[in-house]
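Q: Below, each chain spelled out in residue letters.
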Amino acid sequence: MAVEKKYRLRELMICAAAREISDGDIVFVGMRLPLIAFVLAKKVYAPNAVGLFENGIIRSTPSPSLIYTMGDTPNLIGATHTGEMLTVMAYLQQGKVSVGFLGGAEVDRYGNLNSTTVKSGDNEIRLPGSGGACDIASLAKKVLIIMSHEKDRFVKKVNYITSPGYGDGGEWRKSAGLRRGGPAAVISTKGIFDFSPDGLMQVRSIHPGLTANEVQDATGFDLPMPNEVAETQPPSEEELKVIREYDPAGFWTGWNSKKRGD
Amino acid sequence: MAVEKKYRLRELMICAAAREISDGDIVFVGMRLPLIAFVLAKKVYAPNAVGLFENGIIRSTPSPSLIYTMGDTPNLIGATHTGEMLTVMAYLQQGKVSVGFLGGAEVDRYGNLNSTTVKSGDNEIRLPGSGGACDIASLAKKVLIIMSHEKDRFVKKVNYITSPGYGDGGEWRKSAGLRRGGPAAVISTKGIFDFSPDGLMQVRSIHPGLTANEVQDATGFDLPMPNEVAETQPPSEEELKVIREYDPAGFWTGWNSKKRGD
Amino acid sequence: MPVSKLISMNEAIERYVLNGSSVAMSTFMEQMIIYSAAHEIIRQRRKNLTLIGPISDLLFDQMIGAGCVSEVKAAWVGNVMMGSAYQFRRAVEEAVPNKIKMTDYSNLTMALALHAGALGVPFLPTLSTLGSDLLKENESLKEFDSPVSDEKLVAVEAIIPDVAILPVQRCDETGNAHLWGSLGVSIDAAKASKIVILVAEEIVPPELISSDPGRTLIQGFQVSAVVHEPWACHPSPMQGYYNRDDSYFSEYHKETKTRDDFENWLGKWVYGVENREHYMSLLGEEKIKSLKIKKSALSVPVDYGI
Amino acid sequence: MPVSKLISMNEAIERYVLNGSSVAMSTFMEQMIIYSAAHEIIRQRRKNLTLIGPISDLLFDQMIGAGCVSEVKAAWVGNVMMGSAYQFRRAVEEAVPNKIKMTDYSNLTMALALHAGALGVPFLPTLSTLGSDLLKENESLKEFDSPVSDEKLVAVEAIIPDVAILPVQRCDETGNAHLWGSLGVSIDAAKASKIVILVAEEIVPPELISSDPGRTLIQGFQVSAVVHEPWACHPSPMQGYYNRDDSYFSEYHKETKTRDDFENWLGKWVYGVENREHYMSLLGEEKIKSLKIKKSALSVPVDYGI
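Protein chains in written order, with my numbering: chain A, -15 to 246; chain B, -15 to 246; chain C, 15 to 320; chain D, 15 to 320.
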């Protein structure tokens, strides 16, 4: 427990995400935490992983310096390929992408995601929209969801299905015509969750320092909980070193900001 | 008549083809005679014409030296674009191509072309096939057919429709689903032919030195003939100069070979 | 000799972007976003535009806030670094400054809609969006049965924009253009659109362009107008010329939260500006210097020799 | 460190081209036709191959004559400069040396079949081939009604070749490749195929390739094997390296008219040859010198700097 309190929640989430990437995987890299998860995976777990960026960039190495958007100039330096969006989207549609990362404003118990429009009382709040999220949810072999864990974001039923998870469970994906995929895990600010064969979200592990009740209280639906709940493995020294070297100012992780505790 | 007997039939045909290209046209350039027709048109009639080659080359200037196939290295020098076949085929499918040139082993009275398989007695002779011919016949705004004029090549009905003309006439193209195009003219070794509103081949002009009867005798179907048949305009000095400068050895035109009279 | 297509941005917008036009912009995604054209469109007070692009970053937000837009066909509208964009939200949620219709695409379906236009077919099939609410609500996405297999597919209807406005690193005066970096859906947008306006960082001799015909991803015969305007994409980056102005995005986020704030911003950075040269002088030499690329990274040439 | 994929042509064919495989070759059209691979396939006496490619020039003729082929899916099989190719004719007309099934495509429908494979969809729509006998006789072309408009269209079924064998000008040891010139359908063939074998004129350091990621049209992660074999495409040209051996095509036409003549030709130029190096020594230094490019024409670099 030497590193306890020495890491930020976002760093823990990055580590959890990176550990889901296997060597040789073709990864659809999103911005923010998944970007750093890809860097971490490349350096520690999956040296031969390939990263696809939806603007048309393919990388076999992390970008030489931190980027704020995937279109930032350092993201082209040393790239394997730079070109059209359809080139990378075609690999996704072919089924060659092992892992894609998604976030959203709302997730429901079946792993459906909403990043389009949410209700706030009588009002509707317009969010930016799908981007490539719906495509990744439809076409990647495996989807990892990264979310802030709050009661009004972990909801019974999403207001709008931007990115289909398991629909309303069972054989829903197949009957909708989706050939593969679905969410494999949710990495939230409170724990890691996976899905039952019926497509229902369940607890895999809870982050250090939290109780099962606290997690359930922050969730808008019943979370199946094993009798003995595992604790999420905290970041190792090696993992933290890689993360902090890549984002020294803590722009994405906040690790060296004054405000602690996310 | 100063240049009479001073040109080859193929040179006359090249001139007739070149005169069908208007300035600014986007031309689907085939090999052999159409290649030189494009060069001639660029230099004399249509300085802003653009040439598309189906291997993925786009040229706004003729190639600096004679080529034997469109993939020859000089065809890339000074090219406007070199890349994928689909790039040029897409322009064709969009309807941006003004003129495409076609040949074939057989043509029938409705301008249907066969370059796939012909009957010879009881046997079937296999020809190389469509290449891009079927696409040009389906998709160009206007098709020009260049053929050697023989009785067993100008036939009542082609053995196989490789490149659709007017089918069996009337509204056939429309009912087949073809949105545009069709053959505008046939430039043969004996004359120039166009098509009636019903899609039937008819005489426009006969090459110098030939009679209407000679042309009809070399044709496997009745050719509607006007009372007074025009004579094809022979090549001008300027036209011949351009042709011979581009193909000085007469590889495609045979102009300086010992054997005369095609 | 081919005729030069060089005209000013003012003239290009006046001639080709009309009230009611559908315009493909921001087709490169996060790089090479053509802000200078957006600002000129705002200054010329165009109305009822339909904006087309997968991801707009702030460009759509500015045009929507200025009242130029009645419809958006896009996959994502916001501030890529900061999240929400306030003018877009206000237009959708409160019809301020006017109501807009938002038609939601995913990135792939937007790419395919333009690819269909580029290929000259009425639609292209995809396996994406099945089971999603995009499929339910976007009328240009339609479920159908595959004619060659026992599968459900989605038909993405072709989009043929009236105009595409595309920044390029370099081109000749007739619009044969070299461009490189992440291209997003720009090449298909150029092919699909009825009118193409190029905005070039550099105008170069035709011989330079034809030294590498494999890089001429947009060909002159597709192009109606060429505008020569360096730094036209600030604050977004242009590979090989200038980097992203990161602080702009967080400042814009703060400075345009309320409608009044946005109007002030618009007065200062758009209406109060004559043209791109004037804009660059307001930006200031120090800022420009800080964004300019510091270190060249030239491609190793290839040989087209014979 | 990524693992090198360099192996010999002999090994690549032995490992990846099996009896019954479907193989995409000649995808560049008239340039960069991979004769060395065809000859190695003939030497290893593969049977029942399905050959896929829009236009084959003489490569398909040689493989058909050698008895390696049971099916051809193509738009054009012949001698581009001279017309007919005799082995192809003999196989179709007289089943010599064996019967082959010929499935006729047009260039566009072949391009779309591979593009569909590359895009991961079961088919792509086209406006071409309507009313033709290709549509009637090729079962992979199917008329259907557009789901978004009142139009007839043709569905071109996806082709997913077992193997694509593709020459490239230069690549690194893991298969990140720069290629230029007329590319035909090669990029889609690489994406659509299950196995990709690259045959490189030059093996270069990864840094050279990544100096121009826009030219890396085939990416290493798609590639199973890299063969280093200069002049692998003779007698067809490779832009920037060697020109077309025009006389070869007329001589082959004369020398392979009868079956006996072809067998002699095969003995001399394929069975009597050990590998590409041996072939080049038979070709002779003078010929090689005459075909080698005489004058470089280097592309003007672009800047990826930051």
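Worth double-checking, as some hints may not be accurate.
[As the list claims (entries may be wrong)] Some chain C residues near chain B, calculated using beta-carbon distances under 7 Å:
#, residue
1, Ala132
2, Phe158
3, Asn190
4, Val218
5, Leu222
6, Ser224
7, Pro227
8, Gly228
9, Gln233
10, Ser238
11, Tyr318
[To be verified] Counterexamples of contact, computed for chain C against chain D with all Cβ distances above 10 Å:
#, residue
12, Phe137
13, Ser154
14, Ser163
15, Lys309
[What the hints assert, rightly or not] 25 Å max Cα-Cα, derived DSS-like pairs, lysine-lysine:
#, chain 1, residue 1, chain 2, residue 2
16, B, Lys125, D, Lys156
17, B, Lys103, B, Lys141
18, D, Lys271, B, Lys103
19, C, Lys19, C, Lys150
20, D, Lys115, B, Lys80
21, B, Lys141, D, Lys271
22, A, Lys80, C, Lys166
23, A, Lys126, C, Lys113
24, D, Lys166, B, Lys126
25, B, Lys80, C, Lys208
26, C, Lys166, A, Lys125
27, B, Lys158, D, Lys156
28, C, Lys282, A, Lys158
29, A, Lys80, D, Lys19
30, D, Lys150, B, Lys126
31, B, Lys27, C, Lys19
32, B, Lys103, D, Lys115
33, C, Lys166, D, Lys115
34, A, Lys126, C, Lys166
35, A, Lys27, D, Lys19
36, B, Lys125, D, Lys166
37, C, Lys150, B, Lys126
38, A, Lys103, C, Lys61
39, C, Lys271, A, Lys125
40, D, Lys166, C, Lys208
Hints were generated in silico from the structure; no laboratory data involved. Note that CB positions come from ideal geometry on N, CA and C, so glycine has one too.
Q: For every hint, state whether the structure bears it out.
A: Tested hints:
no. : hint                  : in the structure
1   : Ala132                : holds (6 Å)
2   : Phe158                : violated (18 Å)
3   : Asn190                : holds (6 Å)
4   : Val218                : violated (14 Å)
5   : Leu222                : violated (12 Å)
6   : Ser224                : holds (5 Å)
7   : Pro227                : holds (4 Å)
8   : Gly228                : holds (5 Å)
9   : Gln233                : holds (5 Å)
10  : Ser238                : violated (13 Å)
11  : Tyr318                : holds (6 Å)
12  : Phe137                : violated (5 Å)
13  : Ser154                : violated (8 Å)
14  : Ser163                : violated (5 Å)
15  : Lys309                : violated (5 Å)
16  : B:Lys125 <-> D:Lys156 : holds (24 Å)
17  : B:Lys103 <-> B:Lys141 : holds (12 Å)
18  : D:Lys271 <-> B:Lys103 : holds (20 Å)
19  : C:Lys19 <-> C:Lys150  : violated (43 Å)
20  : D:Lys115 <-> B:Lys80  : violated (35 Å)
21  : B:Lys141 <-> D:Lys271 : violated (30 Å)
22  : A:Lys80 <-> C:Lys166  : holds (20 Å)
23  : A:Lys126 <-> C:Lys113 : violated (39 Å)
24  : D:Lys166 <-> B:Lys126 : holds (21 Å)
25  : B:Lys80 <-> C:Lys208  : holds (11 Å)
26  : C:Lys166 <-> A:Lys125 : holds (18 Å)
27  : B:Lys158 <-> D:Lys156 : holds (18 Å)
28  : C:Lys282 <-> A:Lys158 : violated (54 Å)
29  : A:Lys80 <-> D:Lys19   : holds (20 Å)
30  : D:Lys150 <-> B:Lys126 : holds (24 Å)
31  : B:Lys27 <-> C:Lys19   : holds (22 Å)
32  : B:Lys103 <-> D:Lys115 : holds (18 Å)
33  : C:Lys166 <-> D:Lys115 : violated (32 Å)
34  : A:Lys126 <-> C:Lys166 : holds (21 Å)
35  : A:Lys27 <-> D:Lys19   : holds (22 Å)
36  : B:Lys125 <-> D:Lys166 : holds (18 Å)
37  : C:Lys150 <-> B:Lys126 : violated (41 Å)
38  : A:Lys103 <-> C:Lys61  : violated (30 Å)
39  : C:Lys271 <-> A:Lys125 : violated (39 Å)
40  : D:Lys166 <-> C:Lys208 : holds (24 Å)
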